[in-house]
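Take 1 as the starting number for the sequence shown in my numbering and just add one per residue.
In case anyone wonders, no lab produced these hints; they're calculated from the structure.
Some hints could be false.
Using C-beta positions, here's what the derived DEER-type ranges look like [unchecked claim]:
#: 1; residue 1: Lys11; residue 2: Leu50; range: 14 to 24 Å
#: 2; residue 1: Trp44; residue 2: Trp7; range: 17 to 27 Å
#: 3; residue 1: Leu47; residue 2: Trp7; range: 17 to 27 Å
#: 4; residue 1: Arg52; residue 2: Pro3; range: 30 to 40 Å
#: 5; residue 1: Glu6; residue 2: Glu41; range: 11 to 21 Å
In silico EDC-like links for lysine to aspartate or glutamate, alpha-carbon gap of 20 Å or less [said to hold, decoys possible]:
#: 6; residue 1: Lys11; residue 2: Asp42
#: 7; residue 1: Lys11; residue 2: Glu41
#: 8; residue 1: Lys8; residue 2: Glu41
#: 9; residue 1: Lys8; residue 2: Asp42
Owing to the predicted nature of the structure, the values given are computational and were not obtained by experimental measurement.
Glycine included, each C-beta is placed from N, C-alpha and C at the ideal position.
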Amino acid sequence: MTPDQEWKVRKAQEHALRVGLCARISKLGGVLEAGAFYTMEDLWLALRILERGGN
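Just need the whole structure built from these sequences, with the hints factored in.
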């Protein structure tokens, strides 16, 4: 993961914590750590998928 990607992931995690998504972040931890989500839009999409029970 590039430093820019790491920064984007960290910012997405910080924002999610601020809006109370701690539990959702922990479920997505492996994917976030892998750097699959680079924007908040990607993160929100993944959270919606999780809420519906998909992968």
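Going through the hints against the structure:
no.	hint	in the structure
1	Lys11 / Leu50: 14 to 24 Å	holds (20 Å)
2	Trp44 / Trp7: 17 to 27 Å	holds (18 Å)
3	Leu47 / Trp7: 17 to 27 Å	holds (20 Å)
4	Arg52 / Pro3: 30 to 40 Å	holds (33 Å)
5	Glu6 / Glu41: 11 to 21 Å	holds (18 Å)
6	Lys11 / Asp42	holds (13 Å)
7	Lys11 / Glu41	holds (13 Å)
8	Lys8 / Glu41	holds (12 Å)
9	Lys8 / Asp42	holds (11 Å)
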